[in-house]
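Number of protein chains: 2
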Amino acid sequence: MNRPKTIEKMIEVIKKLPGIGPKMAERLSYYIVSKMLQDDVNKLLNSIKEAKLAVKNCTVCYNLTEYNPCVICSDSTRIRNVICVVESPQDLIAVSKVKEYKGLYFVLGGVLSPLDAIGPSDIRIDNFVKRLKNDNNISEVIIATDADSKGEMTAIYLANIVKKMGIKVTRLGCGLPVGGDIEYADERTIYNAITARKEM
Amino acid sequence: MNRPKTIEKMIEVIKKLPGIGPKMAERLSYYIVSKMLQDDVNKLLNSIKEAKLAVKNCTVCYNLTEYNPCVICSDSTRIRNVICVVESPQDLIAVSKVKEYKGLYFVLGGVLSPLDAIGPSDIRIDNFVKRLKNDNNISEVIIATDADSKGEMTAIYLANIVKKMGIKVTRLGCGLPVGGDIEYADERTIYNAITARKEM
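Here the protein sequences line up with chains A and B, keeping their order.
In terms of the working numbering, the first sequence is residues 47 to 246.
In terms of the working numbering, the second sequence is residues 47 to 246.
Extracted from the complex, chain A is given alone in its bound form:
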């Protein structure tokens, strides 16, 4: 194989990214090396470097943010006694497109998955409980995990804990198709689901 070592190395690194196979990694590497202008490569490198440097987790809701607390947590016009719990920052963005929801958020950073050995201590269950304990204002927790088995399991686990604290727990209602992935749902479906949320 007469491939330059630096390209070989680049392919090895790129193919570790999610959803990128060996052929795609090769295609991207050759494209970057032989077709992209140096200026555009610099833009690519800098955009990654800058985002990685600037973006942190909000210490209140754990959303990705350049400011701490994030713009949502520090927005005084939002309703501060309702928290919507989501799996990931991408899910938070999907829910935040529904303008009718004006409450706060909490990003779990994953869902329970016994088969992958992901238990309660691997996601931010403890941080969430701590937040509820520190903030006596919370009157409702909306659980907006995916409508698949892991999301459902996580919702039930979390609901049990929150209910014991005397706080109302709801789950996104009708609208979400069974097995569906929140991140890919359209805004109307999410809106319907928020409107028709049901107590657990």
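Each hint should be verified, as a subset may be incorrect.
As the list makes no split between identical chains, a pair holds if one copy fits it or if it spans any two.
To be verified - Simulated pairs of lysine-lysine, DSS-like, Cα-Cα distance not exceeding 27 Å:
1) K102 with K81
2) K148 with K51
3) K51 with K209
4) K55 with K176
Since the hints were made in silico from the structure, they are not lab data.
Here the structure of chain A is known, so what remains is to put chain B in place on it, guided by the hints.
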């Protein structure tokens, strides 16, 4: 939309890469920012930076290389009177896996495509003619462009020029399925094609 600006920018840049749609760009960006260790991000950035810096076109065959002339052009054990013309560095690697071929190469950097306004001056036809003129030893040119209409058109165009210079021209023979892409062919198919190459 409550997405950090630096992530937004990163998605914009990444989705311009070939074969990467907006959703994939978003997924990659969030993965890099929130899941990858800083060390691994540095490895990714450095591998791109180093490859882009180190890899140039060989000034003889225009293959991508860290040394000039490249390891193939400067390999004195190779047969120096046969040149295999390929479209891209990836195609060169596919052909170079066939150990039975011991000749030299030339990378055109594209194929003729009137619909995309790619004419002879947009690929390295002139450089190739110049190379043939400067090197009186060449007795055969093997054209190994893809077996699709653009590859065929390019082969015919190039064959006419080379034949007028009194040099034998062959084209990869049986083995390549019609409409097939060289980069994805297996080694045996390419070997058969080289063995059964036919004069044009």
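Hints versus structure:
1. K102 with K81: Between copies only: 11 Å across chains, 33 Å inside a chain, cut-off 27 Å.
2. K148 with K51: The answer is between: 21 Å across copies meets 27 Å, while 53 Å in one copy does not.
3. K51 with K209: neither (58 Å within a copy, 37 Å between copies)
4. K55 with K176: Neither, since 44 Å and 34 Å both go past 27 Å.
Going through the hint list in order, the structure does not satisfy hints 3, 4.
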